[in-house]
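Peer 1: Based on the sequences and whatever the hints tell you, model everything.
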Amino acid sequence: MSARMVGLYDDLATALTGHGFTAFDAVLATDSVIDLAIDHRRGVENLACATEGDADTSLHDQISRQWAPEPTDTRERQAIRTTMSHVIMMPPREWFAHKLDLVLDGLTTRHRPGPQHDAPVPRRPRRASDVADH
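Residue numbers for the sequence shown follow the working numbering, beginning at 1298 and rising by one.
There may be inaccurate statements among the hints.
Said to hold, decoys possible - Simulated pairs of lysine to any residue, SDA-like, Cα-Cα distance not exceeding 20 angstroms: (1) K1396 <-> V1324; (2) K1396 <-> H1357; (3) K1396 <-> T1314; (4) K1396 <-> E1342; (5) K1396 <-> L1325; (6) K1396 <-> A1320; (7) K1396 <-> D1328; (8) K1396 <-> V1384; (9) K1396 <-> S1355; (10) K1396 <-> T1311; (11) K1396 <-> D1336; (12) K1396 <-> S1382; (13) K1396 <-> I1377; (14) K1396 <-> G1317; (15) K1396 <-> R1407; (16) K1396 <-> P1368; (17) K1396 <-> G1315; (18) K1396 <-> T1319; (19) K1396 <-> E1349; (20) K1396 <-> V1303; (21) K1396 <-> A1334.
What the hints contain is simulated information worked out from the structure, not anything from laboratory work.
Peer 2: Written out as C-alpha cells, the structure reads:
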C-alpha cells in the first residue's frame, strides 16, 4: 500500500473517530467504503472486456442475456431477474451510489451517540495450541 493510501485511510478513520466512532468501527467503515469503491471500479472495467471466444460481445452483454427473465420463472424470480437486468443497464455511477447509500445507512444505524467502548482488536494466535484451547 502506498504512503498516500495509508495517509488517506488514516485521515478518514481519524475523522470518523472525531465524530464518535470507535477506532475499530472507524477503520472498519473506512476499509469497507474503500473496498466497495475499488471493487466497483474493477467490475466496471471487466464488464467492458470482450468475452472469451467472441471479440464482438462484451461481458456486459453476455451477463445481460444471462439475467433475462424466463417465462417459466416464479413471480419472485422474475422480479429479481427484471431488477438485475435493470441494474445491469443502469449507469455504473448510479449503481455505486445505491450501494454506498446502503453501507452509509448501515454505519449510521450502527453509530449511535453516547458512551462508546472500543471493540477489541482481534488477536492472531501465536501458536497452534492457542487455537485449540479456544
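Peer 1: Now look at each hint and say whether the structure bears it out.
Peer 2: Right, here's what the structure says about each hint:
The suggested pairing of K1396 with V1324 holds, with an alpha-carbon distance near 19 angstroms, which does not exceed 20 angstroms. At most 20 angstroms may separate the alpha-carbon atoms for a hinted pair to count; K1396 and H1357 meet this at roughly 19 angstroms. The suggested pairing of K1396 with T1314 is violated, with an alpha-carbon distance near 23 angstroms, which exceeds 20 angstroms. Under the criterion of a C-alpha separation no larger than 20 angstroms, the hint pairing K1396 with E1342 is consistent with the structure, at around 18 angstroms.
For a cut-off of 20 angstroms, the pair hint linking K1396 to L1325 stands: about 16 angstroms separates their Cα positions. Straight-line distance between C-alpha atoms of K1396 and A1320 comes to about 24 angstroms, which puts the hinted pair past the 20 angstroms bound. Taken as a hint, the K1396 and D1328 pair is honoured in the structure, with Cα atoms around 15 angstroms apart against an allowance of 20 angstroms. At roughly 11 angstroms between alpha-carbon atoms, K1396 and V1384 fall within 20 angstroms of each other, so this suggested pair holds.
Distance check on the hinted pair: K1396 and S1355 sit about 24 angstroms apart at the alpha-carbon level, beyond 20 angstroms; violated. Taking the CA atoms of K1396 and T1311, the gap is about 23 angstroms. The hint is violated against a cut of 20 angstroms. Between K1396 and D1336 the CA atoms are separated by roughly 11 angstroms; this keeps the pair inside 20 angstroms, and the hint holds. Between K1396 and S1382 the CA atoms are separated by roughly 16 angstroms; this keeps the pair inside 20 angstroms, and the hint holds.
Only pairs whose Cα atoms come within 20 angstroms are accepted, and K1396 paired with I1377 is accepted, the gap being roughly 17 angstroms. With a C-alpha separation of about 24 angstroms, the suggested pair K1396 and G1317 falls outside the 20 angstroms cut-off, and the hint is violated. Proximity of K1396 to R1407 is assessed by CA-CA distance (about 17 angstroms); at most 20 angstroms being required, the pair is judged to hold. The suggested pairing of K1396 with P1368 is violated, with an alpha-carbon distance near 29 angstroms, which exceeds 20 angstroms.
Restraint check: the Cα-Cα separation between K1396 and G1315 comes to about 25 angstroms, which exceeds 20 angstroms; the hinted pair is violated. In summary, the hint linking K1396 to T1319 is not supported, as the alpha carbons are separated by about 23 angstroms, beyond the 20 angstroms threshold. With a C-alpha separation of about 29 angstroms, the suggested pair K1396 and E1349 falls outside the 20 angstroms cut-off, and the hint is violated. Between K1396 and V1303 the alpha-carbon distance is near 24 angstroms, which puts this suggested pair outside the 20 angstroms criterion.
For the hint pairing K1396 with A1334, the CA-to-CA distance comes to about 10 angstroms; that is within 20 angstroms, so the pair holds.
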